[in-house]
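Trainee: The residues making up each chain are set out below.
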Amino acid sequence: MSSDALAAGFVRCSSCERLWPAAQPEKAARCGRCGAALAARKPDSLRRSWALLIAAAICYVPANLLPVMIVSGPGGSEADTILSGVVSMFGAGWYGVGVLIFFASITVPVLKMLILFALLVSVQRRWAWSPRDRTRLYRIVELVGRWSMLDMFVVSVSVALVQLGAVATVEPGIGATFFAAVVVLTMFAASSFDPRLIWDATPRK
Amino acid sequence: MSADNGPGTATGQDAGPQEPVVKGRRRLSAIWLIPAVVAVVAGTLAYRAILDRGPQVVVVFESAEGLKAGKSKVQYREVEVGSVDEVKVRDLEHVEIHVSLDPRLHPFVTQDMAWWVVRPRMSGGVISGLQTIVSGAYLTFEPGSKGKPQTREFTGLEEPPIPASNRPGLDLVLHTDEVGGLQAGSHLYFRDIEVGDVLHYALAQDGKSVEVQVIVEDAYARWVTSHSRFWNAGGVDVSVGAEGLDVKTESLASIVGGGIAFDSPAGGEPAKDGDVFWLHSSRADVAQSESTHGGLGLVLETGSLGGVSLGNPVYYRELPVGAVVSHGLAKDGRTVQVRVNVERRYESLVRSNTVFWNASGISADLGLSGLHVHAESLKSLRSGGVGFATPPEPGLPVEDGSVFELHPEVKQKWLEWQPDFSAGKPASPGEPHAGASFFHHEGKTEAQAAEAAAEPQPGAQKHGFLRRLFGGHDGSAKPK
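Each protein sequence line maps, in turn, to chains B and R. For the first sequence, the positions run 0 to 204 when numbering that gives the first Met the number 0 is used. For the second sequence, the positions run 0 to 479 when numbering that gives the first Met the number 0 is used.
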């Protein structure tokens, strides 16, 4: 019963860690010490996560279909989508880079979205299945989130570096915008998600 | 026990009748704006992508040399208007190039659209498509005419088409012996001004000449007349003559890219589309061919050739009025036959009683009055020639192919003859229009374009008008 703060009748200030009695936390309570908004759980967590996740999923379609990088050289210009970029990396024999880009640009976002989806569904459906593992999954999502920006770094660095006029120019494609949106949206979705909700739905021991 | 009755949870479903629910609803609408906006943006993009899809065209070539799927472009007047999506083999002899075009081209993708590949080419000594060495080959086309049936599959041209047909201007056909550095795109010059282009050239049907299609811009078309004479102005024309070294070129561009020049002596009807002209191999050849072709053909018989050679001028009063066309042994082998051509306008100078002599070299005779050294002209001294004179009572006009004796040397009295040709048939021979013809180089043209192939003549006779000028002075001075 007293295994978590809320159940014990407390709300923890997210900023200064001060414990407050969970009397009327919803009513715009503020921490008496530091002034931060008090909430027992992240406000509106599921809804925000869902909205952001769906937005990310929508963005993911054009992010993969549209070119992220347009390389113009003497031999004409070539527009690469994420996947075609990976394929050409492999074609050029750069397996390491290819694997890295594939991991960062395809695996990570998909993984992130799937895990978030699963977590949201599980919390909403109040599944009691292994809250510990689900929490671990959530940590993976948070941890891995920043890595999916790798492709964006590749694009932005290339764009900045390769400006040789007629010889070679790299321009970002519209797909890069969508891909960046996917990454940002999933990161927000992940941070909107309150992992404590996983435990709230579980019978406490 | 569970989160739903915990006051801190905000999980939509368990929103009770408490105040926070309302708050939650408001937030709900705000946060769902994000996916809504994203959906709208992505949807618009997709819609536009579908809408912007221009005509998808398949062009069939024998080879896709230089074309790469996804990389090669379609350009029209050097502007990118489409791209090559796919390159694949159709059968063992053809490849298909799948192309997507700008949607605005839609009305022009009709049956008579012509496709070809622009790649570095070297034809007729001209390199074209040089920019594609670096940029890679690209596809280009001549738009089809609006209103014709649409089609999506084309057979590409292996060679760029002749940019003829729809270009405004006067279309002419020039026949010539050899292309001599000309190529499609070589310019046409009139008084050193660019007035047109060579569209293309091809071997004539009989294989005996080359047909060069040229176009003269409308603005200059009126300067082409039936009297116009065309010559190949490519390269540099260097001639060393008695007058000194003469270097002549139309323009720097014509040195490299070849060119055709023409002039139009006074008179003549304006040329019409499709008119045929002879293209002379050089400016000198224009004058040359006028003296060797189309005039009065005569046969001179002599015991030995004595320095007369092809292209040597035929002089009348030291004025070149014709040229030696050929020479050879007579059939019986007893004499040498020299064929000469006297320009049409001078033909009345030749009469049945005319005498011809070999004017090559110096003739000297020692007499009581002293030593007479005689040379027809400096030029004949160098290269030989034939002179002739007609007695004071001219005989009848002669016909083509008449035979005369060629005397080995001139007699003084021949040079003193002053015949009166006014009795003869054609009215004013000699140089009635010396002033006018000076500016028109050779007076009226006899060498009409379609005339027989000009044999390339050595010792090209350049600046005939100059010599005529000098010759005229000498001639008037001599008989005193």
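Hints are not guaranteed to be accurate.
What the hints assert, rightly or not - These stretches of chain B come out as covered by chain R in the derived footprint (C-beta under 8 Å, 3 or more residues):
#, region
1, 47-53
2, 94-105
Stated by the list, open to error - One-sided excerpt, in silico: chain B residues whose CB lies under 10 Å from chain R:
#, residue
3, 60
4, 82
5, 83
6, 116
I should point out that these hints are in silico values taken from the structure, not numbers from a laboratory. Backbone N, C-alpha and C fix where the C-beta goes; we use that ideal spot for every residue, glycine too.
Trainee: Confirm or reject each hint.
Mentor: Status of the hints after comparison with the structure:
1. 47-53: holds (count 4)
2. 94-105: violated (count 0)
3. 60: Cβ of residue 60 of chain B sits 7 Å from chain R, so the hint holds.
4. 82: Hint violated; residue 82 of chain B Cβ to chain R Cβ min 13 Å, cut 10 Å.
5. 83: holds, 8 Å
6. 116: Constraint on residue 116 of chain B not satisfied, violated at 14 Å.
Violated hints, listed in ascending order, are 2, 4 and 6; each of the other numbered hints is respected by the structure.
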